[in-house]
Amino acid sequence: MTNSRKGTAVKKTLMSSALISLSALAAAQAQAATGSGSMSAIILTPIVVSGTVDLHFGSMTQTGAGTMLIDTTGARTPSAAVTAVTGAGLESQGVLSVTAATGLAIDLSMTAATFTVDDTGAGAPMNVNAFQLVTNAGGTAETITLAASPSTFPLGATLNLAAAQVAGTYTGTYNVNANYQ
Amino acid sequence: MRKEEATARHKVCKLARQAVLASVLIPLGFSPNPAHATLTIVVSGTVDLHFGSMTESGAGGTMAIDTAGTRTAGGGVTAIAGSGLHSQGVLSIAGSTGVAIDVSMTAATFTVDDGGAGAPMNVNGFDINGGGATVTVTLAANPSTFPLGATLNVNAAQVAGSYSGTYTVSANYQ
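Protein chains in written order, with numbering that gives the first Met the number 0: chain A, 0 to 180; chain B, 0 to 173.
Next up, chain B with everything else stripped away, as it sits in the complex (with noise of 0.2 Å):
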C-alpha cells in the first residue's frame, strides 16, 4: 500500500514537472511565430490623386476631393468637368489579412508643381478611407484598396498649368 501510494505520488510530481517544462516552452517555442508569419506590408498608390480642372478667379481658393471623389470647390476656385480626369486616390495596401495596420500620411502637407513658373501649391486635409491622415485598417483580402481624399490650395493668381507631386503613406502592424 504505501509503496504504491509512494509510487503514484511520484508520477503526479513528475507530470506537474513537466507541465511546468512545458509552459515555459510553450512561449519560448511558439508565441513568437504568429509575429514572424505576418506578411510584409506593401503599401503603394496605384491611382492617381487628381484634382481635375479648374479654374482660378486670382483671388486664390481650395478644391477638396473627397474619398468618393465628388469635388468641392471654395474660394475663387471653379471646377471644370468637362476634361474628367479628377479621381479620389486609391491606396493599395498588401500584407495579413485580419490584423489591424495603422495606416498614415507621413505628413500632414505635401506639395504640387508644375516645375515651371508657378508656385507650389499645397495639399493637405488627407482622409485615408473616411477616417482622417491616420487610421486603423484590417485587409478583407490581400491586397485591399482604399480611397484617399484631400485639398489642394490653390494661390491667389495661380499661373495656369498641369501641376503634380506624391505623397507618402506609411503602414505598420499594430
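Here chain A stands alone, though its shape is the one from the complex (with noise of 0.2 Å):
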C-alpha cells in the first residue's frame, strides 16, 4: 500500500513537470522575435579639378618692374610700369572646371602662394602670385558647392615683372586642390 502511494506520487511529480518544460517550450517558441533595420553607405564622386581655359595676362609693355593683375571677371589693371595692350585679345580670367558630388562642401585651395612663367629662353621667370579663386575677394582658399557636376569657377592672379623683363611668351602651370570638407 505504502509504495504503490508513493509510486503515485512520482508518478504525479514527473507529469507536472512535463507538463511545465512542454508549456515553458511552447512560450518560448511563441516569443521569439527577429526584427530588421536599414543600413547606408554613400561613396562619392572623386574630385576632379582642372583648368579649362588659360589664366592668360595678355599682351603689355613695361617701362621698368611691375604688375600685371588679371582678375575673376577678366579685367586688367597693370600697374604703373606696365601697359596693357588690348590688340592681341588673349587676355582670360582663369576656368576651373570641377567634378565632384553635388551640394556637399569642397575646399579648394592652390598648392602654393606662387607659381612661375618661363619663356625657356633668356627671360627671366616670373612670379605669378595673389591667386583670386572663384571670387575677386577669393584667396588661394575657398570652399564651394557644386549645384551641377561639372561646374566651373573663375581664377585670378597678379603677374610680376621683373625691370627690363626679356620680351617673349611666357608659360608656366598652377595647381589646384580640392577635397570634400
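Derived by calculation from the structure, the hints in this document are not laboratory data. None of these values were measured; they are calculated from a predicted model. Take the hints with a grain of salt, since some may be wrong.
[Unchecked claim] Simulated DEER-style distance windows between Cβ atoms:
1. B:G73 x A:A146: 31 to 37 Å
2. A:A104 x B:A107: 51 to 57 Å
3. A:T82 x B:G83: 49 to 55 Å
4. A:A146 x B:D112: 45 to 51 Å
For glycine and all other residues, C-beta sits at the position ideal for the given N, C-alpha and C.
Assembling the complex is the task here: the two chains are given apart, and the hints tell you how they should meet.
Structure, rendered in C-alpha cells:
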C-alpha cells in the first residue's frame, strides 16, 4: 500500500514537470522575435579639378618693374610701369572645372602661394601670385558647393614683371587642391 | 485520552495530506504563469545604421562606425563629414522589463547595394550595445533602445553611389 502510494506521487510529479517543460517551451517559441533595420553608405564621386581655360595675362609692354593683375571677371589692371596692350585680345581669367558630388562643401586651395611662368629662353622666370579663387575677394583657399557636376569657377592672379623683362611668350602651370570637407 | 490522541493524529495526517496535494497543485497551477505573462518581444531598427559619405582611393578599405556613432576609416577610404548623415543604428526592443533577453544578429555579414553598377559591399563586425554580435540585455523600460555599430567593407574601385541594405536581428527571452 505504502509503496504503491509513493509510486503514484512520483508519477504525478513527473507528469507535472513534463507539463511545465512543454508549456515553457511553447511560451519560448511563441516569443521568439526577429526584426530588421536599414543600413546605408554613400561612396562619393572622386573630385576632379582641371583648368579648362588658360589664366592668360595677355600682351603688355613695360618701362620698369611692375605687375599685371587679371581678376576673376577677366579685367586687367597694370601697375604704373606696365601697359596693357589690348590688340592681341588673348587675356582671360582662368577657368577651373570641378567634377564632384553636388551639394557638398568642397575646399579649393592653391597648392602654393606662388607659381612661375618662363619663356624657356633668355627671359628670367616671372612670379605669379595673389591668386583669386572664385571671386575677386577670394584668396588662395575657398569653399565651394557644386550645384551641378561639372561646374566651373573663375581664377584671377597677379603677374610680377622684373625690370627690363626680356620680350617673349611666357608659360607655366599652377596646381589646385580640392577636397570634400 | 486515547480518543483525543487519535483525533489529534488524524487531524495532523489530514493537514499533511493537504500540504502534499497543495505542493503538487502549485507547480501545475502557477509555475507556467510567469512564462505566459511575458510580453511578446518586438525588435526593430528605428534609426538607420548609416556609414555616411566617404571617398575611396581605388584600393578599397573599411569604414567602421561604433555604437557611439564615431567613424573610423581604414585603407583607401576617407570619411567625408560634410553631409552629416552618418549615425550608429538604433534597435528598439519591446518586451517585458527585468527579464534577460538574448539579442543576436541572424548572420555575421549583411550587404548593401546601390541597385546599379556598384558591386555589393559587405557589412560585418556588428556590435550590439558594445557587446558584439550576440548580447544579453534586460529592458529597463518597455520599449528600450540599444545602439548598433558595424564595419563597412569597401571594395577596390567601388563605384560611387548610394548603397543601402537591411540587417536582421533576433531576440528571445532566455
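Right, here's what the structure says about each hint:
no.: 1; hint: B:G73 x A:A146: 31 to 37 Å; result: holds, 33 Å
no.: 2; hint: A:A104 x B:A107: 51 to 57 Å; result: violated, 37 Å
no.: 3; hint: A:T82 x B:G83: 49 to 55 Å; result: holds, 52 Å
no.: 4; hint: A:A146 x B:D112: 45 to 51 Å; result: violated, 28 Å
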